[in-house]
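K.L.:
Here is how the chains run, residue by residue.
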Amino acid sequence: MVERWLREIQNLPSVKGTFITTMRGAVLESYGLEIEEQDMQNMAIRLLRIHALTWEAENPLTEIELYWKNLFIVGKISQNILLVTVCDSPQVVALLRITINVSLSHIVQEKKIYKKAKSHVTDPSHLLRKGQLDENETKLLAKR
Amino acid sequence: MAGRARNFIAQPHVIYKKSEIKSATGLNLRSAEWAVLTQINGEQSIQEIANVLAMTVKDVAHIMYNLYTHGVIDVSQVERKKHNFAEVQFFDTLEKVLMTIIGPVATFVIDDMIEDMELDKSKFPVERIAELIELISDEISDEAKKIAFQSDMLQYLKKKLI
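Which chain is which? The protein sequence lines are A and B, in order. So the first sequence is numbered by our numbering: it starts at 295 and just counts up by one. So the second sequence is numbered by our numbering: it starts at 39 and just counts up by one.
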């Protein structure tokens, strides 16, 4: 069922694929993308950090659009779910946004998705503190 | 490069395409230039690209001039595109759906939005229908009602236009 709504988005011109994550960036489902789950997670975390920054400023953004390399990325957050759409170019942006809104409203009602999303609810500001540990830091932690 | 620059046509209806000979790889482009370049597809005019990116025609034409002088894009179509206009039936459906959500003010909201877009109901381009639906959606404060409106109109668009 979730796949059906992701496919709705993917059927639009220039859309390469879509994926959904929890508010911690864990990938729940993806469609049409030939990239590693880890890369999807990294992309999601960057979007969630932008969201977290605006959340801290008490004006949280729920729609984020940006260019990454030569791709157009749209992130939409609703009910603790992040839906990311990756496009070659923003050809039919208005139609894309409408389709994303409608699809996401159906996806969040899926029991499986809803449960997982709920269990991953977190204070958005945690994402701003969480960074990647470099090699030296990992070694230091291993010593303790 | 100077000779090529002279051939650039900056009129809003002109359509450009990506060059088949030279790519942008290796060029140091700014984000606005990337944004314009990703829009150039041999189908969208300078005016349409400006609308999508919320930029002025002048700015888009300026960026495209630079891309053209670098040989990254070529002219695709100089003649004006024939527009498909939305049928009366579309506005009837739009009004009917919106009326069930916001009541009798629906007609005024639709007319206001069309006016904001500097367009006319009788000559409303089909390619801007989704934009109109999105603008009207912004006027609906209740999130559930907004989604219901978008969902109904999306179904209509799929049946009739896509």
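Please note that a few of the clues may not be correct.
Claimed, not checked - Below 27 Å or equal to it, Euclidean Cα-Cα: the simulated BS3-like pairs (lysine-lysine) are:
hint : chain 1 : residue 1 : chain 2 : residue 2
1    : B       : Lys183    : A       : Lys406
2    : A       : Lys405    : B       : Lys56
3    : A       : Lys310    : B       : Lys96
4    : A       : Lys363    : B       : Lys183
5    : A       : Lys310    : A       : Lys433
6    : B       : Lys161    : A       : Lys370
7    : B       : Lys96     : B       : Lys134
8    : B       : Lys55     : A       : Lys363
9    : B       : Lys196    : B       : Lys161
10   : A       : Lys370    : B       : Lys197
11   : B       : Lys184    : B       : Lys196
Stated by the list, open to error - Computed footprint of chain B on chain A; a stretch qualifies when at least three of its residues, placed anywhere within it, have a C-beta under 8 Å from a C-beta of chain B:
hint : region
12   : 376-386
13   : 393-406
Hints were generated in silico from the structure; no laboratory data involved. Think of the CB as a built atom: it goes at the ideal place given N, C-alpha and C, for glycine as much as any other residue.
K.L.:
Against this structure, judge whether each hint is valid.
P.N.:
Do the hints match the structure? See the list:
1. B:Lys183 <-> A:Lys406: holds, 25 Å
2. A:Lys405 <-> B:Lys56: Given that 27 Å is the threshold and the Cα spacing comes to 45 Å, the pair is violated.
3. A:Lys310 <-> B:Lys96: Violated: Lys310 of chain A and Lys96 of chain B sit about 31 Å apart, past 27 Å.
4. A:Lys363 <-> B:Lys183: violated, 36 Å
5. A:Lys310 <-> A:Lys433: violated, 39 Å
6. B:Lys161 <-> A:Lys370: violated, 33 Å
7. B:Lys96 <-> B:Lys134: Distance ~39 Å between Lys96 of chain B and Lys134 of chain B Cα, so the pair is violated.
8. B:Lys55 <-> A:Lys363: holds, 20 Å
9. B:Lys196 <-> B:Lys161: holds, 21 Å
10. A:Lys370 <-> B:Lys197: Holds: Lys370 of chain A and Lys197 of chain B sit about 26 Å apart, inside 27 Å.
11. B:Lys184 <-> B:Lys196: holds, 18 Å
12. 376-386: With 5 residues in contact (Cβ-Cβ under 8 Å with chain B), the coverage given for the region 376-386 of chain A holds.
13. 393-406: holds (count 4)
Hints 2, 3, 4, 5, 6 and 7, counting from the list given before, are not met by this structure.
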